[in-house]
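A.B. asks: Listed below are the residues making up each chain.
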Amino acid sequence: MNQPDVDTAILGMSDIRKTYRLSSSVLQRFMKGSGRRSELTALAGVDLELRRGETLALVGESGSGKSTLGKTLVGSIGASSGIISYNGAPMPAHRDKELSRRIQMVFQDPYSSLNPRISVGSMLKELLLLHQIVPRDQVRDESIRILNRVGMDEDALTAYPSQFSGGQRQRIAIARALAVRPDVLIADEPVSALDVSVQATILDLFESLQKELGLSILFIAHNLAVVQHLSQRVAVMYLGRIVEVAETAELFKNPRHPYTRALIASIPRMSAESVNQQFVVHGDPPSPIDIPPGCRFSPRCTFAQDQCRKVDPTLQNIAGTVVGLHSSACLRAGELPIFSTILQRDGAQ
Amino acid sequence: MTRTIPVPANNRGLRRSAKKRSRALKPWYTNTSLVAGMIVIGLLIFVAVFAPILTPYDPIQQDLRHALQDPSAAHWFGTDKYGRDILTRLLWGTRVDLRIGFLSVIIPFVFGSILGALAGYFGGWFDTLVMRIVDVFFAFPFLVMVIVLVFILGSGEASIYLAIAAVSWVAYTKIVRGEVIVAKELDYVVGARLSGMSHARVLFRHIGPNVLSQSIIYGMSDIVMNIMGVVTLGYLGLGIAPPTAEWGSMILDGQEFITSHWLQATLPGLLVVVTSLGVSWLGDGLSEQLSPERRK
Chain A
1 MNQPDVDTAI LGMSDIRKTY RLSSSVLQRF MKGSGRRSEL TALAGVDLEL RRGETLALVG
61 ESGSGKSTLG KTLVGSIGAS SGIISYNGAP MPAHRDKELS RRIQMVFQDP YSSLNPRISV
121 GSMLKELLLL HQIVPRDQVR DESIRILNRV GMDEDALTAY PSQFSGGQRQ RIAIARALAV
181 RPDVLIADEP VSALDVSVQA TILDLFESLQ KELGLSILFI AHNLAVVQHL SQRVAVMYLG
241 RIVEVAETAE LFKNPRHPYT RALIASIPRM SAESVNQQFV VHGDPPSPID IPPGCRFSPR
301 CTFAQDQCRK VDPTLQNIAG TVVGLHSSAC LRAGELPIFS TILQRDGAQ
Chain B
1 MTRTIPVPAN NRGLRRSAKK RSRALKPWYT NTSLVAGMIV IGLLIFVAVF APILTPYDPI
61 QQDLRHALQD PSAAHWFGTD KYGRDILTRL LWGTRVDLRI GFLSVIIPFV FGSILGALAG
121 YFGGWFDTLV MRIVDVFFAF PFLVMVIVLV FILGSGEASI YLAIAAVSWV AYTKIVRGEV
181 IVAKELDYVV GARLSGMSHA RVLFRHIGPN VLSQSIIYGM SDIVMNIMGV VTLGYLGLGI
241 APPTAEWGSM ILDGQEFITS HWLQATLPGL LVVVTSLGVS WLGDGLSEQL SPERRK
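Going line by line, the protein sequences match chains A and B. Residues 1 to 349 (the UniProt record's numbering) make up the first sequence, in order. Residues 1 to 296 (the UniProt record's numbering) make up the second sequence, in order.
Possibly wrong hints are sitting among the right ones.
[Said to hold, decoys possible] Derived pair list, reagent style BS3-like, types lysine-lysine, alpha-carbon separation capped at 30 Å:
| # | chain 1 | residue 1 | chain 2 | residue 2 |
| --- | --- | --- | --- | --- |
| 1 | A | K71 | A | K97 |
| 2 | B | K26 | B | K184 |
| 3 | A | K253 | A | K211 |
| 4 | A | K125 | B | K81 |
| 5 | A | K71 | B | K184 |
| 6 | A | K125 | A | K71 |
| 7 | A | K97 | A | K125 |
| 8 | A | K253 | A | K125 |
| 9 | B | K184 | A | K125 |
| 10 | B | K184 | A | K97 |
| 11 | A | K71 | A | K211 |
| 12 | A | K97 | A | K253 |
Just so you know, these hints were derived from the structure itself, not from any lab. Please read all numbers here as calculations on a predicted model, not as lab measurements.
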């Protein structure tokens with residue numbers, strides 16, 4: 001199960017868009033006339049696939065649409081357009097009980113993702129019985145097995161969420177997602193609300209789930225360092241679109257989008273050497289209400305040329321690589337200078 | 001899912017601390033206002049239930065030879081203008097006022113809460129419709145509406161229940177709707193939906209218990225309002241028909257002798273105050289007891 005089958009995508013996203021119409025007051029609408037309506041673009045055409053049995057990391061800064069994409073995939077918000085396919089078949093707008101079971105979510109904040117009034121045991125029991133995962137007389141055994149799976153004891157069955165620490169709560173939240181035996185786990189920044197000391201153990205847990213249960217995991221994070229050792233592939237998101245996708249080692253070794261380079265350069269390091277200034281990004285991301293013409297990264301990009309401000313690049317396979325290994329949405333992907341300094345230094349540590 | 005995770009060495013400490021954390025809930029009797037409220041209301045319910053045994057007199061039977069007596073060993077608080085024992089009438093009045101006060105919250109509580117939960121959960125045109133109706137009802141003061149409705153429906157217990165129910169459901173609808181709107185965005189509710197649970201299950205099992213406490217606490221203050229309403233109706237001569245012992249009508253009867261026999265009008269009023277205080281304490285204590293933090 002360690003070698004993901006490249007040919008089969010368990011979740012496919014094709015041109016997923018999500019826009020929010022900004023409500024303006026009646027007066028504003030009257031003043032402006034019936035001209036353009038302002039819209040916020042959270043997802044601007046996402047093409048991505050989650051392969052069976054892999055951990056795909058989705059990284060990007062706040063507001064890039066990572067969480068929106070995650071919520072769209074689990075079906076808690078509907079996409080404005082585009083097709084999500086599961087095992088090759090398009091998903092209906094309203095998922096039935098069986099289909100929603102297949103894709104589960106682990107939330108960022110383990111303090112709001114568990115019902116404070118329901119004990120861990122009855123939470124698991126409810127899910128197991130709802131989907132008839134096991135017969136009634138085996139519910140307790142199965143609950144204990146799930147808890148052990150996430151590194152908790154059977155003592156936890158009778159306890160309430162408030163009796164646990166953040167890391168333990170996140171384990172229980174993962175147990176909640178696992179209870180219904182999903183194929184896909186969408187993890188929305190599941191470690192960013194946790195202590196640094198606990199983060200590693202939760203990351204290890206995700207790794208073992210992927211390896212031993214064969215789960216396909218979409219791991220959303222805003223920090224590349226978190227996912228470096230966990231994921232097989234990384235997708236970088238910027239302003240509602242995927243700008244680069246590659247296998248993890250390839251992405252860190254040879255990033256082909258200036259934004260990815262900036263993200264890698266921004267990983268804090270235990271070193272006195274200063275960060276290579278060439279890769280530092282200045283300013284804030286543009287407003288998703290008013291996306292710049294041409295390449296959406298061009299206003300902040302040190303490599304931008306005139307054509308970058310005119311042509312909106314799409315995700316293209318990097319020349320000279322196997323199809324599916326590495327693609328980037330940068331017009332100058334082939335011309336970017338060699339990205340060496342930082343990683344080599346990292347390797348020497 | 002049959003394989004178990006190899007437990008890392010540092011997990012052992014984690015497991016032990018989980019065990020130590022499993023403390024029992026804080027016992028209810030450490031909750032001062034809850035205990036105080038229970039004592040007061042418990043006493044009132046006790047005298048209401050055992051009123052016929054506690055006093056030898058009849059609350060309605062007139063005895064004009066002993067009218068308007070001062071407090072004595074036979075009549076602790078004296079007698080009214082028809083010679084009826086004041087204490088007896090107070091105790092029997094507790095029966096009527098307490099019963100109406102408590103029972104009258106049930107219908108508006110249930111109806112209002114369910115309507116509010118549905119409006120908040122599903123939103124849309126249904127929510128808009130319900131909230132506009134609520135606004136209309138909110139525009140009228142509670143007591144004025146109750147008085148008008150009882151006046152139309154005629155005096156008697158049934159019309160009091162009806163009038164109060166018709167007016168006071170709106171508050172529960174408003175409270176529960178607001179709470180549900182907040183709760184339905186919480187991750188655990190979203191998660192419950194994603195697990196494939198039906199709307200009904202999510203609403204009544206996962207949202208309901210977490211939003212009802214506000215409604216219950218409001219219900220407690222509503223009991224006070226309702227008792228005030230009943231007493232006011234009695235005082236205006238609209239509520240419970242006269243010979244029946246009831247605090248409001250006792251105040252009305254007693255006020256013409258306020259200069260000579262002040263106990264007659266004061267004691268029922270004092271009981272209203274004590275009852276309200278007890279119910280408020282009970283509500284306070286319940287709000288503390290119902291908050292999930294108390295499980296720590």
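A.B. asks: Check each numbered hint against the structure and report the violated ones by number, ascending.
C.D. replies: Those not satisfied are hints 4, 8, 12.
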